[in-house]
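Trainee: Here the protein sequences come in this chain order: A and B. Anchor point for the first sequence: position 71 equals 113 in the working numbering, and the numbering is continuous, going up by one each time. Anchor point for the second sequence: position 204 equals 206 in the working numbering, and the numbering is continuous, going up by one each time.
The set of hints was computed from the structure by calculation and includes no laboratory data. None of these values were measured; they are calculated from a predicted model. All residues carry an ideal CB built from backbone N, CA and C; glycine is no exception. Just to be clear, a hint being listed does not mean it is correct.
For lysine to aspartate or glutamate, the following DMTMM-like pairs were computed, each having C-alpha atoms within a straight-line distance of at most 20 Å [claimed, not checked]: (1) B:359 to A:467; (2) A:385 to B:66; (3) B:50 to B:75; (4) B:367 to A:467.
To give a feel for the contact side, a few chain B residues facing chain A, derived at Cβ under 10 Å [as the list claims (entries may be wrong)]: (5) 78; (6) 80; (7) 82; (8) 214; (9) 339; (10) 353; (11) 356; (12) 362; (13) 382; (14) 387; (15) 388; (16) 395; (17) 399.
Residues of chain A clear of chain B, computed beta-carbon distances all greater than 12 Å [what the hints assert, rightly or not]: (18) 70; (19) 97; (20) 119; (21) 273; (22) 476; (23) 477.
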Amino acid sequence: MSDEIIYEVTQNDYKYGFTTDIETEIIPPGLSEDVVRLISKKKDEPEWLLDFRLKAYRHWKTLKMPDWAYLDIPPIDFQAISYFAAPRKNAPKSLDEVDPELLKTFDKLGIPLEEQKILSGVAVDAVMDSVSVKTTFRENLAEMGIIFCSFSEAVREHPDLVQKYLASVVPYADNYFAALNSAVFSDGSFAYIPKGVRCPMELSTYFRINAANTGQFERTLIVAEEGSYVSYLEGCTAPMRDENQLHAAVVEIVVLKDAEVKYSTVQNWYPGDKDGNGGVYNFVTKRGICKGENSRLSWTQVETGSAITWKYPSTILMGDNSSAEFYSVAVTNNHQQADTGTKMIHIGKNTSSHILSKGISAGQSNNSYRGLVRVNPKAENARNFSQCDSLLLGDKCGAHTFPYMEVNNDTAIIEHEATTSKISEDQIFYCNQRGIDTETAVGLIVNGYAKEVLNKLPMEFAVEAQKLLQITLEGSVG
Amino acid sequence: MTKNKTDVQVREKKETVLFEQQYIELYEQYTDTICSHSATALNAGRDKAFKKFRELGFPTPQVENYKYTDLREPLSVDYGLNIKRVNFPINPYDVFKCDVPGISAYLYFVVNDAFYPTNYERNKSLPEGVIVTSLRQASEEHSELVEKHISKLADKQNDGLVAFNGAFAQDGFFIYVPKNVILDRPIQIINIMRSDVDFMANSRNLVVVEQGAKAQMLVCDHTVDDVRFFSNRVTEVFVGENAFYEHYKLESVSRETTDVSTLLIKQEQNSNVLGNLLTLHNGVSRNNVEIALDGENCETHLCGMALSDGKQVVDNFTSILHNKPNSHSNELFKYILDDEAKGGFTGRLYVEKDAQKTLAYQNNKNILLKRTAKMRTRPQLEIFADDVKCSHGATIGQLDEKAMFYMRQRGIPEKEARMLLMFAFAADVIEFIRIDALKDRIKKMVEKRLRGGHSKCDGCSFCS
Chain A
43 MSDEIIYEVT
53 QNDYKYGFTT
63 DIETEIIPPG
73 LSEDVVRLIS
83 KKKDEPEWLL
93 DFRLKAYRHW
103 KTLKMPDWAY
113 LDIPPIDFQA
123 ISYFAAPRKN
133 APKSLDEVDP
143 ELLKTFDKLG
153 IPLEEQKILS
163 GVAVDAVMDS
173 VSVKTTFREN
183 LAEMGIIFCS
193 FSEAVREHPD
203 LVQKYLASVV
213 PYADNYFAAL
223 NSAVFSDGSF
233 AYIPKGVRCP
243 MELSTYFRIN
253 AANTGQFERT
263 LIVAEEGSYV
273 SYLEGCTAPM
283 RDENQLHAAV
293 VEIVVLKDAE
303 VKYSTVQNWY
313 PGDKDGNGGV
323 YNFVTKRGIC
333 KGENSRLSWT
343 QVETGSAITW
353 KYPSTILMGD
363 NSSAEFYSVA
373 VTNNHQQADT
383 GTKMIHIGKN
393 TSSHILSKGI
403 SAGQSNNSYR
413 GLVRVNPKAE
423 NARNFSQCDS
433 LLLGDKCGAH
443 TFPYMEVNND
453 TAIIEHEATT
463 SKISEDQIFY
473 CNQRGIDTET
483 AVGLIVNGYA
493 KEVLNKLPME
503 FAVEAQKLLQ
513 ITLEGSVG
Chain B
3 MTKNKTDVQV
13 REKKETVLFE
23 QQYIELYEQY
33 TDTICSHSAT
43 ALNAGRDKAF
53 KKFRELGFPT
63 PQVENYKYTD
73 LREPLSVDYG
83 LNIKRVNFPI
93 NPYDVFKCDV
103 PGISAYLYFV
113 VNDAFYPTNY
123 ERNKSLPEGV
133 IVTSLRQASE
143 EHSELVEKHI
153 SKLADKQNDG
163 LVAFNGAFAQ
173 DGFFIYVPKN
183 VILDRPIQII
193 NIMRSDVDFM
203 ANSRNLVVVE
213 QGAKAQMLVC
223 DHTVDDVRFF
233 SNRVTEVFVG
243 ENAFYEHYKL
253 ESVSRETTDV
263 STLLIKQEQN
273 SNVLGNLLTL
283 HNGVSRNNVE
293 IALDGENCET
303 HLCGMALSDG
313 KQVVDNFTSI
323 LHNKPNSHSN
333 ELFKYILDDE
343 AKGGFTGRLY
353 VEKDAQKTLA
363 YQNNKNILLK
373 RTAKMRTRPQ
383 LEIFADDVKC
393 SHGATIGQLD
403 EKAMFYMRQR
413 GIPEKEARML
423 LMFAFAADVI
433 EFIRIDALKD
443 RIKKMVEKRL
453 RGGHSKCDGC
463 SFCS
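From just these sequences and the hints, can you work out the full model?
Mentor: As structure tokens, this is what we get:
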């Protein structure tokens, strides 16, 4: 019956596990001020950025690894990690110059650059390990004044903008992993949408971790000027690896007056095998600020991968009448652990936020929602609605909910509700009665359960997200 | 500015260490005195508890569980401790006339931390076998019974104040209801704080309700004097198979009082427990409640209410542990916060791996009346079984303006309309009370409190 299906589901191996043979330039493992200087030098960075890195590194040394999350994190030897890896080829100008191996990798993922370029009109900034390899549709965007490039390119070509907004949302001293990232970040994406411009296409970046034993430290910065709009997509898949890989990214989003940013993620890094060996450690700091009046920020995430996920995309609602949304589906299987959620900090007047989180636990995994809604004393008429649902498939997994609500203003209306249950026998019975076999029924129910969030994803991504859900819970999704 | 701020924090931290030091020295110097004046059953675990306290110290807001209760200020007061067990010159029976009409409970007093020896008329009609006495006396007369249960739950706690209680508590009450005995009326325990100097009371209470028995407990907290009080009480309750236990805590104390009450309940198969924590008037209150459902088919209701204004602080920290299958729990907490009152609520719902078919509900609703009032709520679910239905909900908001408008339209004055709405809001919790006389009385007290009066019991000369 359904137990068998769940068993089948939990026995699935990771389908996207493969390694691409690309020569990579790696510096010896270890972390010290010299390594930080070396990274900065290799990337030809200006003085101020090196200072920023060093400040972050010195602060990081004073910090201790946080242990408050509902995660069992094996000790990480930060000296055993190599902090810089870059494909050795020079940056290509057209698709022909892109390494055929790399193109093959994307083919296997079903997201070839060409197809993306021709069919969907998505500008893809493909990040393979740490250095941006290929950026498409750049010229089209440049005509509108939109800057969409790799982070190091932005440092070279738009230093004023980077200096103005870097670490303005996530300061280097924010937390342990943000400090580490600030010290050693290798590359990432930078997007700038000028005043009044509506970005005509979805911006997307595909992150992959490829070289063995390298941590990936991405830094993404998105700035939406007054009255602009952008939808930004980020997708992640990683090849199979026996050793654990560390990923500590920082994403910063600045939304100015009347602007709107949609940020969507599909995360499918290698979760480790059935016995919990290997897998990616994903410790990410993502934060956006609705700085101006009437600004809007929307997060959508589908989390299916990683051995350990530690991720709380948050929004600071500073501008009056600003609003934020957070939609999340987190699926854990086998020995995966996820502690994820969001923070909504209401500072401006008439701000509103909406949280919808759906957790699905299977196998022996643990899936936690941890969220904070804070209303500051001057945040008049703040409104929040949070809903956290958990679905348990199997009797060895765990689902946990840790919402925090801190309200300091009497005009606020804050609501929270959460449920935890397994797929109800009534629902399966209802389907069976109508000639739908149990397997299809479980699929229908899980799909329907996550639908609310999947619907928030842009079209191209919704397809991939559904595919990922199918892979993670194959056998139960029709 | 920022530099000053850090200085203050550092200083405060150091001071907390200093308060601890003072008690540590006191303990080391007077261990023998403490032990010789104690219930013997409490002495066995004393050193262990003290060691734990040294390790944990007093909880600061840095401790996650005490994030929303800042006890540094109340703990900084130089309290007196009555380790030599001097009797306080007061006869509560002379002055106290509890006016819950028709409740006619078995009535007992605890003055500070000492159980008051009684010869009250009604108490003589206690059913045979039922024991209500001081823990000290019980350790002598019923040592086997006491030793079988005492500290079994408290020792498992990882809380600095519970450890402190273990080190310093010398006495408390002991209640025993034998197998299949059904108490016809509630047992009422009145905690009275009475002292001329700032005073700290640590007491340890033990309640054993045997298989098939039924008991209702009403614990009232009162203060008499206008000095600073700190009470740190730990109550352990063992509820046997098929037994019923109800625990009502009614707090109406002065604003200068800090009350930390830890209620630990262990439920056996088919037992039924109701906990109701009513905080009507207080200073700083912290209720730690942990209910372990260690048998199948248990039923648990835990609810509470807080009406706070001024600078009052109410923090209810609750855990319900579903350790066995087929149990049902329901939690409801409601707060109405005015002025600069601070409310805190943590509801931890834990479902163990094999606790299938668990049904657990939790609800926390709060109304803020002034912009300076603060509420922090943390409803938490930790679930390891798959065949369960668990849900929680939490809201923070204001009175419904539409309802207000509706009533104003019909000629009900604003003040009255507000009162009606707040009363209706609080009524859900009051409805959980299963003693009719008490329910009526609480309704009156809540109404009076909502109209702005201090909800002391009429005829009781204790509350100021």
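Trainee: Now, for every hint given, state plainly whether the structure supports it.
Mentor: Here's how the hints hold up against the structure:
| no. | hint | verdict |
| --- | --- | --- |
| 1 | B:359 to A:467 | 13 Å, holds |
| 2 | A:385 to B:66 | 18 Å, holds |
| 3 | B:50 to B:75 | 27 Å, violated |
| 4 | B:367 to A:467 | 31 Å, violated |
| 5 | 78 | 25 Å, violated |
| 6 | 80 | 32 Å, violated |
| 7 | 82 | 36 Å, violated |
| 8 | 214 | 33 Å, violated |
| 9 | 339 | 8 Å, holds |
| 10 | 353 | 8 Å, holds |
| 11 | 356 | 8 Å, holds |
| 12 | 362 | 9 Å, holds |
| 13 | 382 | 5 Å, holds |
| 14 | 387 | 6 Å, holds |
| 15 | 388 | 4 Å, holds |
| 16 | 395 | 4 Å, holds |
| 17 | 399 | 4 Å, holds |
| 18 | 70 | 39 Å, holds |
| 19 | 97 | 17 Å, holds |
| 20 | 119 | 28 Å, holds |
| 21 | 273 | 32 Å, holds |
| 22 | 476 | 24 Å, holds |
| 23 | 477 | 26 Å, holds |
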